[in-house]
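Visitor: Each chain, letter by letter, is given below.
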Amino acid sequence: MTAALFVMIGLGLFLGLVLGFAALKFKVEGDPLVDQIDAILPQTQCGQCGYPGCKPYATAIAAGDADINQCPPGGEAGVKMLADLLGVEPKPLNAEHGVPKPKSVAVIDENICIGCTLCIQACPVDAILGAAKQMHTVITAECTGCELCVAPCPVDCITMEPLKEDIPHWKWRYPVIPIQVQVAA
Amino acid sequence: MKFSPFFTTNTSVSIVMLKVLLALVPGIIAYVWAFGSGIVVSLILASATALLAEAAVLQLRNRPVMPFLLDGSALVTAWLLALALPPIAPWWLVVVGTLIAIVIAKHLYGGLGQNPFNPAMVAYAALLISFPVIMTQWPVPLELTTIKLSFIEQWQYIFNHVLPSGVGFDAMSSATPLDYLKTQLKMHHTMEDIHQAKFFGMFAGKGAEIVASMYLLGGLYLLHQRIISWHIPVAFLTTLAVISGVFHWVNPAHFSAPLFHLLGGATMLCAFFIATDPVSGATTPKGKLIFAAGIAVLTWLIRTYGGYPDGVAFAVLLMNILVPLIDANTQPRVFGHSK
Amino acid sequence: MSFNLSDIFKFPGGVHPPEHKVESTTQPIRTLPLPKKLVLPLRQHIGHIPKILVQVGDHVLKGQLLAEAHGHVSAAVHASTSGKVTAIDEQVIPHPSGLPDLCITLEADGKDEWLKHAPLDYLNMERSELIRRIAESGIVGLGGATFPTHVKLRPDAKHPVSTLILNGAECEPYITCDDLLMRERADEIVHGAMIMQMLLGSTECLIGLEDNKPEAVVAMNAAVAKANFNAKVVVVPTLYPSGDSRRLIALLTGKESPAKGRTTEIGVQCFNVATAQSLYRFIAHGETIVSRIVTLTGNVAQPGNYDALLGTSVRDLLQAAGGIRDNTDDYVMGGPMMGFSLPSVDVPMTKAMNCVIASTPDLFPPPPMEMPCIRCVACADACPVNLQPQELYWYSKSSNLEKAQEYQLFDCIECGCCSYVCPSHIPLVQYYRYAKSETIAQERAKRSADLARIRNDERLARIEREKLERAKKHAERTAKSENSGDNNEKKAAIEAAMARAKEQKETITPQNVENVSANVAAEIAAVDAARVQAAEKPE
Chain V
1 MTAALFVMIG
11 LGLFLGLVLG
21 FAALKFKVEG
31 DPLVDQIDAI
41 LPQTQCGQCG
51 YPGCKPYATA
61 IAAGDADINQ
71 CPPGGEAGVK
81 MLADLLGVEP
91 KPLNAEHGVP
101 KPKSVAVIDE
111 NICIGCTLCI
121 QACPVDAILG
131 AAKQMHTVIT
141 AECTGCELCV
151 APCPVDCITM
161 EPLKEDIPHW
171 KWRYPVIPIQ
181 VQVAA
Chain A
1 MKFSPFFTTN
11 TSVSIVMLKV
21 LLALVPGIIA
31 YVWAFGSGIV
41 VSLILASATA
51 LLAEAAVLQL
61 RNRPVMPFLL
71 DGSALVTAWL
81 LALALPPIAP
91 WWLVVVGTLI
101 AIVIAKHLYG
111 GLGQNPFNPA
121 MVAYAALLIS
131 FPVIMTQWPV
141 PLELTTIKLS
151 FIEQWQYIFN
161 HVLPSGVGFD
171 AMSSATPLDY
181 LKTQLKMHHT
191 MEDIHQAKFF
201 GMFAGKGAEI
211 VASMYLLGGL
221 YLLHQRIISW
231 HIPVAFLTTL
241 AVISGVFHWV
251 NPAHFSAPLF
261 HLLGGATMLC
271 AFFIATDPVS
281 GATTPKGKLI
291 FAAGIAVLTW
301 LIRTYGGYPD
311 GVAFAVLLMN
321 ILVPLIDANT
331 QPRVFGHSK
Chain D
1 MSFNLSDIFK
11 FPGGVHPPEH
21 KVESTTQPIR
31 TLPLPKKLVL
41 PLRQHIGHIP
51 KILVQVGDHV
61 LKGQLLAEAH
71 GHVSAAVHAS
81 TSGKVTAIDE
91 QVIPHPSGLP
101 DLCITLEADG
111 KDEWLKHAPL
121 DYLNMERSEL
131 IRRIAESGIV
141 GLGGATFPTH
151 VKLRPDAKHP
161 VSTLILNGAE
171 CEPYITCDDL
181 LMRERADEIV
191 HGAMIMQMLL
201 GSTECLIGLE
211 DNKPEAVVAM
221 NAAVAKANFN
231 AKVVVVPTLY
241 PSGDSRRLIA
251 LLTGKESPAK
261 GRTTEIGVQC
271 FNVATAQSLY
281 RFIAHGETIV
291 SRIVTLTGNV
301 AQPGNYDALL
311 GTSVRDLLQA
321 AGGIRDNTDD
331 YVMGGPMMGF
341 SLPSVDVPMT
351 KAMNCVIAST
361 PDLFPPPPME
371 MPCIRCVACA
381 DACPVNLQPQ
391 ELYWYSKSSN
401 LEKAQEYQLF
411 DCIECGCCSY
421 VCPSHIPLVQ
431 YYRYAKSETI
441 AQERAKRSAD
451 LARIRNDERL
461 ARIEREKLER
471 AKKHAERTAK
481 SENSGDNNEK
491 KAAIEAAMAR
501 AKEQKETITP
511 QNVENVSANV
521 AAEIAAVDAA
531 RVQAAEKPE
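Protein chains in written order, with our numbering: chain V, 1 to 185; chain A, 1 to 339; chain D, 1 to 539.
Hint data in this document are derived by calculation from the structure and do not stem from the laboratory. Quantities reported herein were computed from a predicted structural model and do not represent experimental measurements. Cβ atoms here follow ideal geometry from the backbone N, Cα and C, with glycine treated the same way. Misleading hints may appear alongside valid ones.
Below, simulated EDC-like cross-link-like pairs (lysine to aspartate or glutamate); rule was C-alpha separation at most 16 Å, straight line [stated by the list, open to error]:
| id | chain 1 | residue 1 | chain 2 | residue 2 |
| --- | --- | --- | --- | --- |
| 1 | V | K164 | D | E90 |
| 2 | A | K2 | D | D329 |
| 3 | D | K446 | V | D67 |
| 4 | D | K36 | D | E107 |
| 5 | D | K397 | D | E370 |
| 6 | V | K55 | D | D457 |
| 7 | A | K2 | D | D362 |
| 8 | A | K2 | D | D330 |
| 9 | D | K232 | D | D187 |
| 10 | V | K55 | D | D450 |
| 11 | V | K91 | V | E110 |
Looking from chain V toward chain D, a few residues come up when the C-beta cut is under 7 Å (computed) [as the list claims (entries may be wrong)]:
| id | residue |
| --- | --- |
| 12 | Q43 |
| 13 | V125 |
| 14 | W172 |
Simulated coverage check for chain A against chain D, where a stretch passes if three residues somewhere in it have a Cβ under 8 Å from a Cβ of chain D [unchecked claim]:
| id | region |
| --- | --- |
| 15 | 10 to 19 |
| 16 | 278 to 284 |
| 17 | 321 to 334 |
Chain V with its partners taken away, still in its complex shape (with noise of 0.2 Å):
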């Protein structure tokens, strides 16, 4: 009995000791959680998580602050790896915080455009080019697509218009190949 008693602890030590060394062996050197997780979000840096930026939502993700399914832009795609990223299970988004939309950027109509700023100012990449009283336009390249120049465009003259598909960007499809229930001959 005693014996046996002996042996289990000494086991247990035994095997504390080789998990301890391994967990400091082989520990792995990543980068901090919060640039993991923000490579991760889709930098449109729209704010629809209730965040100011995809960073800041990052930090409160990693701080344990803010859940996985804010991010619209994302997609469940992106709540997947994040998922994954930190062991817990997938959940569909929040829709609080808005839907996917297929990616779009803002274009501004030239007629309407007054040149007050107020859209360069709220551009979080610095996409659109236009000083005061100067026509403004949006350099398409760089646009995220983040709607945050929408609102404050005392004219509306700025529409999301989605992406068009070209050659260049054309995706071959998941095959889908109907299922045909054969009748047995």
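With the hints as your guide, set chains A and D onto chain V.
Guide: Frame of chain V; chains A and D shown alone:
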């Protein structure tokens, strides 16, 4: 929308499975010739159970029934199991085994193509552990007995456990050579003495060695049809021959000869039909060699030192566990890569 | 001179699909009548879209430059007949997407009048000048890959080319355009190869053909002998896909081109025979590329090979081949192993179009039901790249793109061998195409996200910097005013500035505020109110 390639070879899973069944036929004929028609009853029972179980589970899983029923994979599993079971076992053994194979080992893992373990071997192992006595009672080769049951009498016995008057069960059943060998060796008899037993043939069990040769013939047909590649049978048989040969050479009194291992037990069935199951086996060329050699080593170990007479089923299942590991570490060099 | 088979090396895998080449080889190459309208897509090659040089309404001559190569990898587009530019707009082009792309439409004037052109004095030309001229020729790889040829002929000091290979293997079933070209225009091909040899400075030239083209082998051997050119015609066994350039290089030289590099890294450059012939036409006659040979086969009345002008609609092509027969339900561009269904018969012929097959449900039956993979590895045995298609399928199907890349998804050449042999009828290649384009899209999204992150970080840094600067200035000013002690002067200055601002505000009238809708007027009012509020609130 159609995609390239716009045409394909005229092959299908059904054709592949049909060829496997065809390749088993010479073995079955030899089996009937050597041990009587009991095996036919088992085959019919197993086939019917497998098809019914397959259809029922597909229905439950909401899958198209007919295409999967016609793919023939259930029949292959059923036949392999039936050939592995003693042909004088009661009907429920075959039925329970087939149900384990189809329902548990195949469909609970996701059906065709998804099972990590060979379904027939899972069922065999489950039966061997659950019903060890029945599973080790094999018929005496016809050559050695005057009792020859007709097909109807076989049927009667398997279903109702009724033997014709004047025939005792002991008269028509015996241990297998592998089993006998093991018990005799425990009693410190030498190999030479043991081989004097009446049911030993030239190399292995009387009758059984003929059946094994016929499996070999069927296996060669599969090789010729490119249904299986040479890797698994060659690696399995060579490893088994080498390892048993070395030990036999060191101590012939204690270790049986390579040919006994090759033609005895389920060796040939395993080499060409069981270990070559594509779904649960290794897929890379190097992986197939490792996988088959592993089965051979385990088979020899279990046969020589283990508690059960034949080790093929356990060896296959143990190696099945290692398949993902083997495959991941034996990826062939891709064209244009230096690795 | 001919190799014997023992000198042929091997590549892994390969399949033997039924060839169906006889149908289109009974007749010589025929020339198509001049169509009324030609549509020339600008994107007929791999690389950047060329720059348009003409306007709607311009009259152009045959061979005239319509759009010039623009960027490092790009190819020019020429008028394939004389006539008027009637439109520059988006039209459906022969592409699996069925999407429209920028095209120049020509209305033929019926004269088919060539632009004045002359042979190039290539022997006395600066090499860089010659390459520049070839860039103007619009020649691209005519085997189907359409990589701009001048890029491959540029001298590369780091990787000198010792072996030039001409690809006449043409392994895809149904396609015979290279076969007929070699039979009928072998001399031009060989002269093209001689020019390539000179440009590349290579010492060896191998011409690879499959053994199912005996007539072409004879013609090529004769042409090589006649030109007294030090080239070897090598006959390789018929095995799909031996016409893939890297497979052919392996067959002829025994060397494997590095997966992530160019073939020049092993000293080999490979061109299609039709490319060599086009190069000859350009150098020796000054003819830019305005036509190509296309195989029209399948369910057409007169299958065969036709010399057709680029931009001819597929409808006109099929008409010339005697028209389609009953039951035709699809049009495949390229061969049955790697081709794709044309989105419409009204698409124009391009430089990539080597074959059009009119198909019927009997010819290319719809695929049987897809069964689960049984891991039989028939696909791995057939794969010419030695991939493990069953693993790639598993990861592509579950969109596990990282794993698929680990198993070298991007080494897949989409030859279709795996799908061809699969007993479960799984459209394997389709899964790989999906996984590849999804991976590319994700990488693109990742790049733009990284860009957005940098821009956002820099913007925040800039705002922070400006705030600090302002605070610093403010502190300096306060310190200064305290030092001077003259508060009245400062007060006066501030008052003066405020008065100026007020005056300015009154004189400026916002523009574009007349005749606006009630909505907009209300919003302007709201913004004005917000501004007033903002002005009242100090920062």
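Visitor: Now tell me if each hint is right for this structure.
Guide: Hint by hint, here is what the structure shows:
| no. | hint | verdict |
| --- | --- | --- |
| 1 | K164(V) x E90(D) | holds (13 Å) |
| 2 | K2(A) x D329(D) | holds (11 Å) |
| 3 | K446(D) x D67(V) | violated (22 Å) |
| 4 | K36(D) x E107(D) | holds (6 Å) |
| 5 | K397(D) x E370(D) | holds (13 Å) |
| 6 | K55(V) x D457(D) | holds (9 Å) |
| 7 | K2(A) x D362(D) | holds (14 Å) |
| 8 | K2(A) x D330(D) | holds (9 Å) |
| 9 | K232(D) x D187(D) | holds (14 Å) |
| 10 | K55(V) x D450(D) | holds (12 Å) |
| 11 | K91(V) x E110(V) | violated (42 Å) |
| 12 | Q43 | holds (4 Å) |
| 13 | V125 | holds (4 Å) |
| 14 | W172 | holds (4 Å) |
| 15 | 10 to 19 | holds (count 5) |
| 16 | 278 to 284 | holds (count 5) |
| 17 | 321 to 334 | holds (count 5) |
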